[in-house]
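2 protein chains.
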Amino acid sequence: MGDAKGISKEKGEGKKGGQGGGKTALKIPKGTRDWFGPEALLRDKIFSTLGDIFSRHGAVPLDTPVFELKDILSGKYGEDSKLIYDLADQGGEICALRYDLTVPFARWLAMNSVQQVKRYHIAKVYRRDQPAIARGRMREFYQCDFDIAGEYDPMIPDAEILRIIVEAFTALGLREEVTIKINHRKILDGLFTVAGVPDDKIRTISSAVDKLDKSPWEEVKKEMLEKGLTEEIADQIGKFTKHNGSLEKIIDILRNDEKALKNDKVKQGLDDMEKLVAYTQEFGISDKISFDLALARGLDYYTGVIYEVVIELPSEKSGDTRIGSIAAGGRYDNLVGMYGKKQIPCVGISFGVDRIFTILQKKHEAEKLKPRGADVFIMAFGGKNGLLLPRMAIARTLWDGGVRAEFLAKAKPKLPQQFKAAEDKNIPVAVILGEDELAAGKVRIKILGLPDGHPDKDGRLVERDNLVEEVKKTLTELPTQSTVVVNQ
Amino acid sequence: MGDAKGISKEKGEGKKGGQGGGKTALKIPKGTRDWFGPEALLRDKIFSTLGDIFSRHGAVPLDTPVFELKDILSGKYGEDSKLIYDLADQGGEICALRYDLTVPFARWLAMNSVQQVKRYHIAKVYRRDQPAIARGRMREFYQCDFDIAGEYDPMIPDAEILRIIVEAFTALGLREEVTIKINHRKILDGLFTVAGVPDDKIRTISSAVDKLDKSPWEEVKKEMLEKGLTEEIADQIGKFTKHNGSLEKIIDILRNDEKALKNDKVKQGLDDMEKLVAYTQEFGISDKISFDLALARGLDYYTGVIYEVVIELPSEKSGDTRIGSIAAGGRYDNLVGMYGKKQIPCVGISFGVDRIFTILQKKHEAEKLKPRGADVFIMAFGGKNGLLLPRMAIARTLWDGGVRAEFLAKAKPKLPQQFKAAEDKNIPVAVILGEDELAAGKVRIKILGLPDGHPDKDGRLVERDNLVEEVKKTLTELPTQSTVVVNQ
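Chains as they are written, first to last, in the numbering used here: chain A, 14 to 501; chain B, 14 to 501.
One or more of the hints may lead you astray.
The list cannot tell twin chains apart, which means a pair is met if one copy fits it or any two copies do.
Claimed, not checked - Here are the simulated lysine-lysine pairs, DSBU-like style, with alpha carbons at most 35 Å apart:
1) 427 x 455
2) 486 x 381
3) 214 x 40
4) 427 x 288
5) 485 x 383
6) 423 x 262
7) 355 x 43
8) 235 x 95
9) 95 x 234
10) 427 x 278
Hints were generated in silico from the structure; no laboratory data involved.
Here chain A stands alone, though its shape is the one from the complex:
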């Protein structure tokens, strides 16, 4: 996400747990969270939505270790490197938690000399940033990355990534709300040069420009002056970074800027962006794209197009809206080569799942998801010793038949207690055992939660020997509960 600014050190941090009395402080690390219940279901729904789209484009999954050798991560993240979590030196290799999924992907490509691949990776990454939990900014958070590696013709994979972004937000129900801001590192760097920025200051000035989405121009300008630019050069930058609009509009502005056009990088970037005009039209996504010359992206490794997906969010405090970034990426053609192997051009996108989660949660999507325990609850109605062994035998039969089944782990449970347990777990069907019925080789199947007077309210007696098929039949006949999600 690249928007991490400043290291966190707060009051109370750094103390070594212990609230007296020898008891352990009952907390989780700052900026981390547990996932359970409806929230875990909503998160998993986001994962499966994105995973399905990645798979629709032919991608295969890759999983890498949560930590890498520190050297692998060094020199890849610019000013944000200070946010990397280091492992303690306990007498072995020097390691650090991954900061994103892109660098591990590049390391994997280089290590295995992979020439071409479409891979996706859904996993946690780590940034020692100041958490802003209401906005979904955490220290441990999920990213969903899709990347295309390999030598292809210009801008075709890049356009496919843009298409995937639109497909993803369409599937998540956010197509209308999002905009893809796009820029090109070569155009940006060329324009910096044209404005008079010396080569060795381009990356650090780019970092300053990257803050324009959050800070006013005056503040960014101040940072540029502190970084050694003259006022005149800074103002030149201020002029061109104001432009944004459709691909055609910005291409037109640049094509008419003679001074800019003399710069080779600007020209190369423009050639790329012109190809995008046709490709995004064929893919039906040009309405979602805004060419924004102020978009810089903080990371060092981008070499071509860069993009950021923004969404208008209501601000908690003022009631107006603020713009948040919920996915970002770009082309990075030199990263794999940094590991001393053959260069492999890459382009990709990283979805900030925790932020998407926070937005969908505010739209009450989580409330619609209700975790369900098993499908069947086995109950005893009276009977000797609470019919514990028969309940176990019935459970075995159902499990063997692949039916999701539970029973109350008590020797002599009362009937209301069993109904309550089934209700608490949102279980739709009961199998009820009675001593006489068992003796006759029968058990009762009952759909739970039917209204009084419903013809099936009392359930039906079935042969114990046919239990599995009878239960499966009942499960297909349930009244629809569109909001219930089974946990699997």
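Given chain A, put chain B in place with the hints provided.
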């Protein structure tokens, strides 16, 4: 898995990367690995097999942060605590990577005052142990945990855990090969007391006994003497730890040992184990259980039954078999209370997925899984400009229709190159575009890999407007390829 012995410090470790020339050493941290291709598919198959079984028993998923406050982990793992990975102190809280999934679960229960839950958790854990990759022992490895928390009647949840173990290995095709070794901490501790071990030495002597599956008796005895036992007491321990067999057999031996029966803990443990006789019979799993008085388990937190699933594996060197542990767990009634909250009794099982993976891989299960890219490859047969824009338009149509589709990201690809790309990605169907056919509103659908002379070998022309439904129809009519797994 609790079998971690000794910290690793080897030659070459501790050097700070860098092989000269400023290039980054291209390695991953020792004891870690990437997952990709058929191996990732086999691993995911293990995950889904286990996840389905957990869900069949009504469990819901929980996900916790990969690191915890160091204090949360302290004092839970006995001698193995030295294997915990610490995060560097970078000026915030003191944290460490999780060592297992049990302690985070207990922390979550305590923090949220959860009284009852069946939860499962499939995630990576971290141990700074000496890796043995051929045996599947890694520093970063997956565990799949299922636990039942809550006040229930004795041994009912414990028996369900044993049932889940058997269901899991049945589903993984390993039922015949595995045995569940079981013991009871109360019986073991009681027998230590009866043998004359002082109370303050019970845990450390238990740790020594835990090594009996890997070390000869003489070595374990030597460790006990070093830990301060007399030869006589050690020999007493040697006598009872020899017993193993069916639940009934060992219960019988203990019931006839007057000296042992005078110990309250032994009696309580025996009452528990007697209940298991009936419960495991109802669950149809008693043939897989071996009561083994030498089973001790290294971890501090167990309070009741403990178990370990062992499998006979052919040894790489000698050709004979060795016993490996592939799942383990037990009852831990006091762990949640260690966080200063109400006690919540728990029992659970942890599957060592990486070891199970290694065993299944040796059975060539991975070879049967072949990753597939998309379902459809869009190709151009001649045509102006390689029909790039029409290929993009067709891709858009297919993606919009939910069809998994790819095309070669080249402006003017040769036909053989496109066929090869489809073959490399194991894609079963081609949609082939020709200029004249496109002009007539038609495209060709062709099943790839059909033998010469097959009536459908040349495919069929369809209306472009009906493409999505025609492609979907073709996909349902494919010759079965039982070994191909789609990546989703």
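Hints versus structure:
no.	hint	verdict
1	427 x 455	within (21 Å within a copy, 68 Å between copies)
2	486 x 381	both (26 Å within a copy, 34 Å between copies)
3	214 x 40	between (43 Å within a copy, 32 Å between copies)
4	427 x 288	between (72 Å within a copy, 21 Å between copies)
5	485 x 383	both (22 Å within a copy, 32 Å between copies)
6	423 x 262	between (72 Å within a copy, 27 Å between copies)
7	355 x 43	between (40 Å within a copy, 24 Å between copies)
8	235 x 95	within (22 Å within a copy, 50 Å between copies)
9	95 x 234	within (23 Å within a copy, 51 Å between copies)
10	427 x 278	between (78 Å within a copy, 31 Å between copies)
In terms of the numbered hints stated before, the structure departs from none.
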